[in-house]
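**Student:** Sequence:
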Amino acid sequence: YDIKTVGPGSATVTVSVDGKTATLPVTVTGGSSSNVSLSLDTKSYTNGPGNSYRFLAKVSGGSGSAPTVSSSNTSVATVSYASKDSRGYLYDIKTVKPGSATITVSVDGKTATIPVTVTDTVNGSVGNLVDPVSKKTVKSAVTTTELNLRSGAGTSYDRITVLAANTTLTPLDFTSNGWLKVKTSSSQVGYVSTEYLTYVFTDGSTTAAQITLSPSPNSISTSVPQGKTLYMTATQSGKKVTGIWSSSNTDVATVSNGYIYGVKPGTATITVMDPTGTTKASMTVTITAAEPVKTAYVNPNIASAGDSVELIAVTDNTRDSVEFVVDMGGGKTQTVKATSFKEEMSSNAGLANNYTRVWKASITFSKAGTYPVKVYSYKNGTKSSTAFSTSAYVVSTQDETTTSVEQRRISDKMLEVIGKWEGCSSAVYPDTLANNIPTIGYGYTFSAGAQFYNNLTGTEAWSLLCNTINNKAYTSEVNKFIVNNKIKTNQQQFDAMVSFSYNIGAGYWNNASAAFDMRTVMLNAVVPPTIPSGGLPASTSLSAYLYSDKSTSSTKLQALNSGVSLTVLETSYNGTTHAGWYKVKLSNGTQGWVQSGYVKFASSVSVTHDLNYTDAVPFGSEALRWSTASGTCYAGLVYRRLGEAKVFSFGDYAAATKGNVNYGKNTYGYVYPSYAKPYEK
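When you line the sequence shown up against our numbering, it's residues 613 to 1293, in that order.
Take the hints with a grain of salt, since some may be wrong.
Stated by the list, open to error - Calculated pairs, BS3-like style, for lysine-lysine (alpha carbon to alpha carbon, straight line, at most 30 Å):
no., residue 1, residue 2
1, Lys632, Lys795
2, Lys696, Lys616
3, Lys1098, Lys972
4, Lys709, Lys840
5, Lys972, Lys954
6, Lys852, Lys795
7, Lys840, Lys954
8, Lys876, Lys949
9, Lys876, Lys991
10, Lys986, Lys840
11, Lys991, Lys1032
12, Lys1277, Lys1289
13, Lys892, Lys944
14, Lys852, Lys1084
15, Lys793, Lys840
16, Lys747, Lys892
17, Lys706, Lys751
18, Lys972, Lys991
19, Lys995, Lys972
20, Lys876, Lys793
21, Lys979, Lys1100
22, Lys852, Lys751
23, Lys1084, Lys1168
24, Lys1032, Lys1197
25, Lys793, Lys748
26, Lys852, Lys840
27, Lys851, Lys795
28, Lys1032, Lys972
29, Lys748, Lys795
30, Lys709, Lys751
31, Lys892, Lys751
32, Lys1289, Lys1168
33, Lys840, Lys1084
34, Lys747, Lys709
35, Lys706, Lys793
36, Lys747, Lys795
37, Lys1277, Lys1100
38, Lys670, Lys696
39, Lys793, Lys747
Note that these hints are calculated values from the structure, not bench results. Here the structure is a predicted model, which is why all the values come from computation and not from measurement.
My request is simple: use the sequences and hints to build the entire structure.
**Tutor:** Set out below in structure tokens:
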């Protein structure tokens, strides 16, 4: 609006809209020239500190001199000259801190004023906040779910309170990292994540909560080799978006449900939009040249010194040959080349055809050790600059039953058993027993942000299984558990432990605070110490029964809680190391027998930990408790735990294998938990 002054005096300009009214007092003083007019293109100004506003002073007639401007309170608001154009003189008002000030503009005796009110953004009113996505001014924000109000812009800040869903908030300021400063109806001020908000704009429209890509594209590599897939998820209001994914260049990259496939080198923008088409999020991916070697492994997984070992690599169908460079130790390497290949292909509907070449070469190792292998490929006669890394593992003897404290690797027999348990899928699928986590090959799982090859051939899938088990925590955490606790272990026990890790997770072995009774039974497995005449101090490490004799079929004298002090008077293993019993005396003088798996000797007693003395029935019974997923017991998990227990204590790989006549049978008398009893046979 333009205010035109006519003559000296006072007037009030009133502006009304939808029942709201604002007034602007105008004072016009006498001027030196009656044909001078001054007008300002602004009204009274209200906002928080740190904001700026530009206004225009129009001058007609007079001497042509520029107006003078001033602020009645520069600690509240300042005013300064900005520029001049054909319309008039431009000035900037900058707010400093809460309070009131009057901006005065004068020229040739004519004067106009602008009242300015600076509010406290913590306790004051809404500012002119603009949504960075829609570019609309936000009137209010509404929570879409129960939401934490925090003292700062991030999850590391303290929680002030929990806001209920559908809570209306006054927006105060946006941050650069996806948080909004807000005020509640009770005047609490804090920060909330914009991911869980719906905005109400000043024009009456609303928008859905923002879509967030997970993980943040800035936190992962978005360079994807040709032929590989990058998996991303999108969430809105804390829930996964089942929206529309699209690619700006499908010749470079395609996308379906967050699976971004690299077609050929180039750049593409990947966008996901919610089903209503209201909000969207985008990221840029760069597809690079195909990897020179897709995967490689060594067969067998454990080799004997002097035996021929097969080196196996998989490439795409553009490679001419493959070169294996083996680190033989002592600074020496041996290079073995493969110049012939076998073609393999895997094809699934909706997935790109996967033509691969499988290359093989042989080598012999004269002594035990771990031998790193780097695999290069040639294309048009040129050797690749990067290599795929794997390793060969060679032992002097493959005795499965002798125990020792040393690092180990899973055996080929156990890999075959795991392969039967897991089954193989060449294409990625959601594992419904594990919260729909993406799974491929022989039970290989991954989270958002991972890159992987989809549509695997059989050789690719087996290589993935071998390298995953060998190189990740499934094996390293078991080795750490053995070495740190100085536990003598044999191959079959190690195999069962790694299989458990691959199915359940490796985090239990070395987490002392985790409830893991299988580990407790194993730590109680010791070479029977010599018992002096007065006995040895010990305690129950788990709940157990005191029996009248060394048999679970004898009379139960009483139940013992964990932590009951005992004196061990005698040890017995019934002619085998798999069924241990301790004759004990309680503090009240009562004597009886307790299964050795539930008893721990005092720290003052010198013992040798040896898993050959693991009490088989307590161990297998505790293993069977790990047969549920999301609160439901499944036959497949029961039979897998049963199979692992059979391998651990008895080396019974055959009875653990699907299809064997004894598969799923309780051959060794384990005690099933109530929820698993329907599957006992």
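**Student:** Next step is simple, just say for each hint if it's right about the structure.
**Tutor:** Outcome of the hint check:
Distance restraint check for Lys632 and Lys795: the Cα-Cα separation of roughly 23 Å lies within the 30 Å cut-off, and the hinted pair is therefore satisfied. Taking the CA atoms of Lys696 and Lys616, the gap is near 19 Å; set against the 30 Å cutoff, the hint holds. With a C-alpha separation of about 39 Å, the suggested pair Lys1098 and Lys972 falls outside the 30 Å cut-off, and the hint is violated. For the hint pairing Lys709 with Lys840, the CA-to-CA distance comes to about 55 Å; that exceeds 30 Å, so the pair is violated.
For a cut-off of 30 Å, the pair hint linking Lys972 to Lys954 stands: about 9 Å separates their Cα positions. Among the hinted pairs, Lys852 with Lys795 is consistent with the structure: their alpha-carbon atoms are about 28 Å apart, no more than 30 Å. A C-alpha spacing of about 21 Å is found between Lys840 and Lys954, which places the hinted pair at or below 30 Å, so the restraint holds. Taken as a hint, the Lys876 and Lys949 pair is honoured in the structure, with Cα atoms around 28 Å apart against an allowance of 30 Å.
The straight-line distance between the Cα atoms of Lys876 and Lys991 is roughly 17 Å, inside the 30 Å bound, and the hint therefore holds. Taken as a hint, the Lys986 and Lys840 pair is honoured in the structure, with Cα atoms around 21 Å apart against an allowance of 30 Å. Of the pairs offered as hints, the one joining Lys991 and Lys1032 is violated, with about 36 Å between alpha carbons and a cut-off of 30 Å exceeded. At most 30 Å may separate the alpha-carbon atoms for a hinted pair to count; Lys1277 and Lys1289 meet this at roughly 12 Å.
Between Lys892 and Lys944 the CA atoms are separated by roughly 55 Å; this puts the pair beyond 30 Å, and the hint is violated. A hinted pair counts as satisfied when its Cα atoms are at most 30 Å apart, and Lys852 with Lys1084 qualifies at roughly 28 Å. Between Lys793 and Lys840 the alpha-carbon distance is near 41 Å, which puts this suggested pair outside the 30 Å criterion. Only pairs whose Cα atoms come within 30 Å are accepted, and Lys747 paired with Lys892 is accepted, the gap being roughly 14 Å.
Note on Lys706 and Lys751: the hinted pairing holds, with a Cα-Cα distance of about 23 Å set against a maximum of 30 Å. A distance of roughly 17 Å separates the Cα atoms of Lys972 and Lys991; the hinted pair therefore holds under the 30 Å criterion. Pair hint Lys995 plus Lys972 holds up; C-alpha atoms about 17 Å apart against a cutoff of 30 Å. A C-alpha spacing of about 44 Å is found between Lys876 and Lys793, which places the hinted pair above 30 Å, so the restraint is violated.
The hinted pair formed by Lys979 and Lys1100 meets the criterion: a straight-line CA distance of about 23 Å does not exceed 30 Å. A C-alpha spacing of about 27 Å is found between Lys852 and Lys751, which places the hinted pair at or below 30 Å, so the restraint holds. About 45 Å separates the Cα atoms of Lys1084 and Lys1168, which puts this hinted pair outside 30 Å; it is violated. Simply put, Lys1032 and Lys1197 have alpha-carbon atoms about 47 Å apart, too far for the 30 Å limit, and the pair is violated.
With a C-alpha separation of about 17 Å, the suggested pairing of Lys793 with Lys748 holds against the 30 Å cut-off. Only pairs whose Cα atoms come within 30 Å are accepted, and Lys852 paired with Lys840 is accepted, the gap being roughly 23 Å. In summary, the hint linking Lys851 to Lys795 is supported, as the alpha carbons are separated by about 25 Å, within the 30 Å threshold. Taking the CA atoms of Lys1032 and Lys972, the gap is near 25 Å; set against the 30 Å cutoff, the hint holds.
In summary, the hint linking Lys748 to Lys795 is supported, as the alpha carbons are separated by about 20 Å, within the 30 Å threshold. Between the alpha carbons of Lys709 and Lys751 the distance comes to roughly 23 Å, so the proposed pair stays at or under 30 Å and holds. For the hint linking Lys892 to Lys751, the alpha-carbon distance of about 21 Å falls within 30 Å, and the restraint holds. Between Lys1289 and Lys1168, the direct Cα distance comes to roughly 22 Å. Compliance with the 30 Å bound is thereby established for this hinted pair.
For the given pair, Lys840 sits about 21 Å from Lys1084 by alpha-carbon distance, which is consistent with the 30 Å threshold. The hinted pair formed by Lys747 and Lys709 meets the criterion: a straight-line CA distance of about 26 Å does not exceed 30 Å. For the given pair, Lys706 sits about 21 Å from Lys793 by alpha-carbon distance, which is consistent with the 30 Å threshold. Only pairs whose Cα atoms come within 30 Å are accepted, and Lys747 paired with Lys795 is accepted, the gap being roughly 21 Å.
At most 30 Å may separate the alpha-carbon atoms for a hinted pair to count; Lys1277 and Lys1100 meet this at roughly 29 Å. Restraint check: the Cα-Cα separation between Lys670 and Lys696 comes to about 10 Å, which is no more than 30 Å; the hinted pair holds. Proximity of Lys793 to Lys747 is assessed by CA-CA distance (about 18 Å); at most 30 Å being required, the pair is judged to hold.
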